[in-house]
Amino acid sequence: MKLQSLLAALALCTFFATSAFADVRTVIFDNVATEVASPPAPLATGEDLWVTLADLTKATKFVLKPQGVCRDELCFPIPKARKSAFLSLQGKITWFNLSEFARLTKQPTANDAEHAVWFFGPRPEEQNSFVSSLMAPNFRLPDASGKMRSLREFRGKKVLLLTWASW
Amino acid sequence: MKDAGKWIEAAKPEYTVLIDEKHLVTRLYDMVNVPTAVWINEKGRIVRPNEVAYVDNRYTSMHKLQAEEYLAAIRDWAENGDRSIYALSETELKERLAPQNPDWARASAEFGLAEYLYKNNQGAASIKHYKEAQRLNPDNWNYKRQAWALADAEKDYGTSFMKEVQKLNGKPYYPPRRLPETKKKN
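If you read the protein sequences in the order shown, they are chains R and E. Numbering-wise (numbering that gives the first Met the number 0), the first sequence opens with residue 0 and increments by one. Numbering-wise (numbering that gives the first Met the number 0), the second sequence opens with residue 0 and increments by one.
Chain R on its own, in the form it takes in the complex:
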């Protein structure tokens, strides 16, 4: 009997573990992956990603404010006529449509519905800033010993930035 109880308990754990995994969605924003809660049924269908306001900030560092959706000094006002495309009150929780926000900011996106992963690329003005400034985009990467290096630390020297792969 004891063994049966144990097996039943294990089966239950497996069931909960599986359903918990299905309720998690992954957002990749600024190259950082963050798990966010799944929305209730009316917002869960389709390719758009709805997130709670807490998850919006956790995943993107953007915050919903009266003047718009903001990060530091940057603010994108939500078009008044289309407010319902961005915000939806479900019970007591306000959900935010991150995919609609990406369309507003012209941010490129990709998603995999089956695995519940959404990827958000840089906005055009971020990606293309060097085209007008002509300044080499800075980056931080580990060297062969694992120490983090940045392009900026080479200021004052000429840099030949050469990429290569072992394919």
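Keep in mind that the hints are not guaranteed to be accurate.
As the list claims (entries may be wrong) - Using 27 Å as the maximum straight-line C-alpha spacing, the simulated DSSO-like pairs for lysine-lysine come out as follows:
{"#": "1", "chain 1": "E", "residue 1": "Lys1", "chain 2": "E", "residue 2": "Lys21"}
{"#": "2", "chain 1": "R", "residue 1": "Lys105", "chain 2": "R", "residue 2": "Lys91"}
{"#": "3", "chain 1": "R", "residue 1": "Lys156", "chain 2": "E", "residue 2": "Lys1"}
{"#": "4", "chain 1": "E", "residue 1": "Lys130", "chain 2": "R", "residue 2": "Lys105"}
{"#": "5", "chain 1": "R", "residue 1": "Lys146", "chain 2": "E", "residue 2": "Lys130"}
{"#": "6", "chain 1": "R", "residue 1": "Lys156", "chain 2": "E", "residue 2": "Lys118"}
{"#": "7", "chain 1": "R", "residue 1": "Lys60", "chain 2": "E", "residue 2": "Lys118"}
{"#": "8", "chain 1": "E", "residue 1": "Lys42", "chain 2": "R", "residue 2": "Lys57"}
{"#": "9", "chain 1": "R", "residue 1": "Lys79", "chain 2": "R", "residue 2": "Lys105"}
{"#": "10", "chain 1": "R", "residue 1": "Lys57", "chain 2": "E", "residue 2": "Lys130"}
If you're looking for bench data, these hints aren't it; they were derived computationally from the structure.
Chain R is fixed; fit chain E onto it per the hints.
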């Protein structure tokens, strides 16, 4: 390091070697192939944007590029800095740089998603996203070669590196470098 380490060790580099597992540099600079180089001056300004950067002739039979002229250009720039005829002025550089085409931006997002899925043990699921990245930016050989290296190119993508090179049908594998024909004396 698992994949590239043996070449790095064999080279005994005196320069800084960086490991870019997320393809960050190729995304930031919109690079589409390797080897690609960018020249950056002491102030952090680009003086030559993306261009093919072989420093020896091991694949010259394939791409017809001679390393010597490129090495001579690098040496001239190292000596003369922004006065080198190979260092582009701001006006010349602006003519060569263009904002990223929106399809390429979407391709970059699909590629990023594919990479995430692959690294999280969803190799089979990654294939359709690598394919979409390749469809949206067919000029990007990094997207093709990364995808093929992580799968069975023939079985999963119905192609191979040599088949794709043959499809170019005379079109150069690398966009031609535009180095000045002759070196002027300063």
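Going through the hints against the structure:
1. Lys1/E to Lys21/E: At roughly 15 Å apart (the allowed maximum being 27 Å), Lys21/E and Lys1/E satisfy the hint.
2. Lys105/R to Lys91/R: violated (30 Å)
3. Lys156/R to Lys1/E: violated (30 Å)
4. Lys130/E to Lys105/R: Satisfied, since the Cα-Cα distance of roughly 22 Å is no more than 27 Å.
5. Lys146/R to Lys130/E: violated (34 Å)
6. Lys156/R to Lys118/E: violated (36 Å)
7. Lys60/R to Lys118/E: holds (25 Å)
8. Lys42/E to Lys57/R: Distance of about 35 Å is beyond 27 Å: violated.
9. Lys79/R to Lys105/R: Within the cut-off at roughly 18 Å; holds.
10. Lys57/R to Lys130/E: violated (31 Å)
Hints 2, 3, 5, 6, 8, 10, counting from the list given before, are not met by this structure.
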